[in-house]
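**Q** So the protein sequences, as listed, match chains A and B. Residue numbers are given in my numbering: position 278 of the first sequence equals residue 278, and the series is strictly consecutive. So my numbering is basically just the index in the second sequence, starting at one, shifted up by 326.
Rather than coming from a laboratory, the hints here were simulated on the basis of the structure. In this text, all values refer to a predicted model and were calculated from it rather than measured experimentally. Incorrect hints may appear among the rest.
To be verified - Think about it this way: if two alpha-carbon atoms lie no more than 20 Å apart in a straight line, the pair counts; the simulated EDC-like pairs of lysine to aspartate or glutamate are: (1) A/Lys221 <-> B/Glu516; (2) B/Lys454 <-> A/Glu251; (3) B/Lys431 <-> B/Glu420; (4) A/Lys221 <-> B/Glu404; (5) B/Lys454 <-> B/Asp430; (6) A/Lys238 <-> B/Glu383; (7) A/Lys219 <-> B/Glu516; (8) A/Lys256 <-> B/Asp370; (9) A/Lys152 <-> B/Glu391; (10) A/Lys152 <-> B/Glu404; (11) A/Lys152 <-> B/Glu403; (12) B/Lys454 <-> A/Glu70; (13) A/Lys238 <-> B/Glu391; (14) B/Lys431 <-> A/Glu70.
Claimed, not checked - To give a feel for the contact side, a few chain A residues facing chain B, derived at Cβ under 10 Å: (15) Thr217; (16) Val230; (17) Leu320.
For each residue, glycine too, the CB sits at the ideal point set by N, CA and C.
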Amino acid sequence: MHPAFSVIFLTTLIGAGQGLFLALFTGQLYASIKLIEPQGAEFYGIGSVLSLLLLIAGLAASFFHLGRPERAWRAAAMWRTSWLSREVIVLPLMMAVVFFYGVFHWMGWTAPLFVVGGGTLPIDATFLLGLIGILVAFALFVCTGMIYASVKFLEEWHSPYTVANFTFLGMASGFMLAAAFSAYLGNHLVGFYGTWAVVFTLLGLATRGASLLRNMTLKRKSSLQTAIGVRHRVIEQKSQGFTGGSFNTREFFHHKSPEFLKQVRLAFLVLVFPVPVLMIGLAYVMESPTLPIMAFLIQYTGLLAERWYFFAEANHPQNLYYQSIS
Amino acid sequence: MTQLALVIDLNVCVGCHACVTSCKQWNTSGWAGPMVDENPYGADPTGTFFNRVQTFEVGNYPNTETVHFPKSCLHCEEPPCVPVCPTGASYKREDNGVVLVDYDKCIGCKYCSWACPYGVRELDEQQKVMKKCTLCIDRITDQTLPEAERQPACVLACPTSARLFGDVHDPDSEVSLAIRERGGYALMPEWGTKPANHYLPRQKNRMHISAEELQRADNPLTKEDITVYTGEETLDDVTW
Chain A
1 MHPAFSVIFL TTLIGAGQGL FLALFTGQLY ASIKLIEPQG AEFYGIGSVL SLLLLIAGLA
61 ASFFHLGRPE RAWRAAAMWR TSWLSREVIV LPLMMAVVFF YGVFHWMGWT APLFVVGGGT
121 LPIDATFLLG LIGILVAFAL FVCTGMIYAS VKFLEEWHSP YTVANFTFLG MASGFMLAAA
181 FSAYLGNHLV GFYGTWAVVF TLLGLATRGA SLLRNMTLKR KSSLQTAIGV RHRVIEQKSQ
241 GFTGGSFNTR EFFHHKSPEF LKQVRLAFLV LVFPVPVLMI GLAYVMESPT LPIMAFLIQY
301 TGLLAERWYF FAEANHPQNL YYQSIS
Chain B
327 MTQLALVIDL NVCVGCHACV TSCKQWNTSG WAGPMVDENP YGADPTGTFF NRVQTFEVGN
387 YPNTETVHFP KSCLHCEEPP CVPVCPTGAS YKREDNGVVL VDYDKCIGCK YCSWACPYGV
447 RELDEQQKVM KKCTLCIDRI TDQTLPEAER QPACVLACPT SARLFGDVHD PDSEVSLAIR
507 ERGGYALMPE WGTKPANHYL PRQKNRMHIS AEELQRADNP LTKEDITVYT GEETLDDVTW
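Working from the sequences, and respecting the hints, build out all of it.
**A** Right, here's the structure in full:
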């Protein structure tokens, strides 16, 4: 497939945005049961703004994918059948939750509504918003992943690994960003967020690695024989019906050499997994305020390469009809 | 229910592209148009087409055969492109099974083209909406035309009558008969899309004669003969 930068930025940016929100609320959850140091309104407020900015940037990037962006509002119509439609509904929902989560923290509207756990765990509005946010964030990961995983013709994508990769890699970059944010503010949560970021990065490595292995030995359902319905082992295309390009030759091919693909794969395998993990480990030892920020930026760059490869790797059965120009 | 479709006879398609050009002419000037060409006289021309004719060579030289293969939307009975559309612009007509795109609703997200294994949907570079074969819906449903002309442009243009058009759900239609009696097949049946369009395979005019047809293996005289022969004339020698 042709890797479109609009979709590469959409999926990586909202993944990091969702991950950052989950990281903020994980911090609140741990602080509410006094496992880590509680943070002030600025931490959650500015953190939510960061998360919201990432979500907005992702949404903005997605508009560049549309031929008719002015009609984008129509895309919410077919949520019964289309995962793309479901994502279009859940993404603004996610933005709304993050917005209100940030506003409630910033305004200090955190008076406990009720207390559970035998008087030990006060529940306020941000806590409830956070719980809703967890559901919405995971729903959004599933929607985004299923857009690709549900297309059975793209066999590289048609697997549960796709949803797992989007989820774990999004959470890894989000928690990495939370560690970077904490390092920037100079609070004591770098180790906490860094540890979770490493956990999700390793989970992402497991599922992404598994999907790479799966795709290496993929047995294709379609062949040139089934494509034109002629039962012979030797079939060669002599003409695709036109000498210039068409939508079919642009949208479904990456037009790069296999060597280039290998380089991109190597690049993301290095940039997404070992480098940020080592940098976070080093940052913990050296108590460096800049290393976690570097770790996030490097991992995010790696994720751009990862998403590029995700698209380029997928081989559409329609390509069988476009093997030779003339 | 009616399911309109094309049946394409690969025996007689000569690859002349008359269906391609007549399709473009009819549809670019009609309801589905324009079908835009970009840079048509430049070095890298491109354009929107609903129908293409491709050519394949089967076998090793000198035992090769050239197959001209017209390719357009197959109007699947289980169209995978329809449920993925986020706006409902992609739909299958209830009354005649034709798969269409509502150009006023399409947002040009290209998701339907990913969900079509045959690659028969093309994004129009100027209108920025998805386009595809309409089976000349504006023509086949036009009651003001004489009935003989209520057929897709490609069918009317084909000089060798390689393209048949009709209702594949009506068991007595010309197309159903062709599929049933001449081995009509669907493309990529492994995906379960149930294409309505079918292709008729190449058929050679060869006679298949088995040994039994030349010599009666079940000659009753031979069967009932209980004589033990030792080299002399048998019943077979005298009764065939």
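**Q** A separate judgement is required for each hint: does it hold in the structure or not?
**A** Hints versus structure:
Of the supplied pair hints, the one linking A/Lys221 and B/Glu516 holds, its CA atoms being roughly 7 Å apart against a limit of 20 Å. Only pairs whose Cα atoms come within 20 Å are accepted, and B/Lys454 paired with A/Glu251 is accepted, the gap being roughly 14 Å. A C-alpha spacing of about 18 Å is found between B/Lys431 and B/Glu420, which places the hinted pair at or below 20 Å, so the restraint holds. With a C-alpha separation of about 18 Å, the suggested pairing of A/Lys221 with B/Glu404 holds against the 20 Å cut-off.
Pair hint B/Lys454 plus B/Asp430 holds up; C-alpha atoms about 11 Å apart against a cutoff of 20 Å. Using a Cα cut-off of 20 Å, the hinted pair A/Lys238 and B/Glu383 holds, with the two alpha carbons roughly 6 Å apart. With a C-alpha separation of about 13 Å, the suggested pair A/Lys219 and B/Glu516 falls inside the 20 Å cut-off, and the hint holds. Restraint check for A/Lys256 and B/Asp370: the C-alpha separation of about 19 Å stays at or below 20 Å, so the hint holds.
For the suggested pair A/Lys152 and B/Glu391, the alpha carbons sit about 33 Å apart, so the restraint of at most 20 Å is broken. Proposed proximity of A/Lys152 and B/Glu404 is supported: the alpha carbons are some 14 Å apart, at most 20 Å. For the hint pairing A/Lys152 with B/Glu403, the CA-to-CA distance comes to about 17 Å; that is within 20 Å, so the pair holds. Distance check on the hinted pair: B/Lys454 and A/Glu70 sit about 12 Å apart at the alpha-carbon level, within 20 Å; holds.
For the given pair, A/Lys238 sits about 11 Å from B/Glu391 by alpha-carbon distance, which is consistent with the 20 Å threshold. Restraint check for B/Lys431 and A/Glu70: satisfied, since their Cα atoms lie roughly 11 Å apart, inside the 20 Å limit. Look at A/Thr217: its Cβ only gets to about 19 Å from chain B, farther than 10 Å, so that hint breaks. Hint status for A/Val230: holds, given a least beta-carbon distance of 6 Å to chain B, under 10 Å.
Checking A/Leu320 against chain B: minimum C-beta separation of about 9 Å stays under 10 Å; hint holds.
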